[in-house]
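S.K.: As a plain string of letters, each chain reads:
Number of protein chains: 2
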Amino acid sequence: MYRLYDFLPSGNGYKVRLLLTQLGIPFELILLDILKGETRTPEFLAKNPNGRIPVLEITPGEFLSESNAILIYLSQGTDFLPLAPLEHARVMQWLFFEQYSHEPFIATSRFWLQHNLADEKRQALVEKQAPGYAALGVMEQRLKDHPFLVNDRYTIADIALFAYTHVAPEGNFDLSGFPGILGWIDRVKSQPNYVAITDEAIGQRA
Amino acid sequence: MYRLYDFLPSGNGYKVRLLLTQLGIPFELILLDILKGETRTPEFLAKNPNGRIPVLEITPGEFLSESNAILIYLSQGTDFLPLAPLEHARVMQWLFFEQYSHEPFIATSRFWLQHNLADEKRQALVEKQAPGYAALGVMEQRLKDHPFLVNDRYTIADIALFAYTHVAPEGNFDLSGFPGILGWIDRVKSQPNYVAITDEAIGQRA
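If you read the protein sequences in the order shown, they are chains A and B.
Residue numbering for the first sequence follows my numbering, starting at 1 and increasing by one per position.
Residue numbering for the second sequence follows my numbering, starting at 1001 and increasing by one per position.
Because the hints were derived from the structure by calculation, they are not lab data.
Check the hints yourself; a few may be wrong.
[What the hints assert, rightly or not] Beta-carbon label-pair distances, calculated as ranges:
hint	chain 1	residue 1	chain 2	residue 2	range
1	A	116	B	1028	51 to 59 Å
2	A	182	B	1118	36 to 44 Å
3	A	123	B	1186	40 to 48 Å
All C-beta atoms in this analysis are idealised placements derived from N, C-alpha and C, irrespective of residue type, glycine included.
All chains, full assembly: derive it from the sequences and hints.
M.R.: Set out below in structure tokens:
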């Protein structure tokens, strides 16, 4: 059985939990507290030298890191990842967009606010607003007249972007000006076997 | 023929130029000056709403952005991208590592120093040092006893990481403490049809 090393509030971890659940793949959940340095121990760094969750233990001792790489690995040969070259490439385009132009602004703001760092990070939070809203604008451009990010079908591109977009208000991003995104969030939530980011019952707790 | 919208000093653009050249695929090079706002015009934003190069025009009017998504698209079915699921996943892992944990620190520092922003960005440059060196440490961990990043063979993972690592000293990162990386840089440079980041002759200039 797969083992997922994770931290429940993490959207990056949630991506993998959501896909595994929607694929009906059972997994064992190993929870680490990143706030207590549990991903910086020698034991964990042997699993991922970059010291980040999520990490998927594919077989005993075989570890895969980077949430979007795990999504690609798990979705190969399923409806969540189109085979046609151009559609496949568009999924990849959104996955890299998410990690470079979206997550560092929208997810990081949420993390700081969730962990009471608003005062310490006051200036940094201000600086994250413009690039965060720019990323939401790029998504809106697509979603204002398409049901999903790629090919009018739910794929891992939607899972990857949904993870932090639907909780963007927790990072002080107001989604009310993005009707395309709001409609898409509802469509993602209505997918079969959808589970919420806060659902602690996902996976079999170790 | 492919058209590549690019900016010559860009490592992200260089990744695509290098792979196209090593695959022997001719392409037309359209140069834009990101410093003059040429990637923020309505005309360019219609090609990539995220306003960044490189953009590959696959067929007239069909545009693909995100350098690493372009690498994946072009390398499908070639020796540059392993087919075996775990090896394929490891390539993806390095590509996302590059965009999240490496490029924002190492490439950004180089960009500021190249464009005489050292004074304006003095504090930001200091803050990029620790995460940049951490990324180099993760690479060294692998390269100290392996010839390449994945599977002991040259892949797009090497191309993606090489682009900004080999010019890291231009961003004030000292590579002398990373013998594994230095040996790997030499191995990449000795690959067939290698071209340098500064080689303006790559591609057919429009």
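S.K.: Take the hints in turn and mark each one as holding or not.
M.R.: Comparing the hints with the structure gives:
For the hinted restraint 51 to 59 Å between residue 116/A and residue 1028/B, the CB-CB distance of approximately 53 Å keeps it satisfied. Checked against the hint of 36 to 44 Å, the pair residue 182/A and residue 1118/B passes, with Cβ atoms roughly 43 Å apart. For the pair residue 123/A and residue 1186/B, the supplied restraint of 40 to 48 Å holds, since their beta-carbon distance comes to about 42 Å.
Comparing the model with each numbered hint stated earlier shows that all of them hold.
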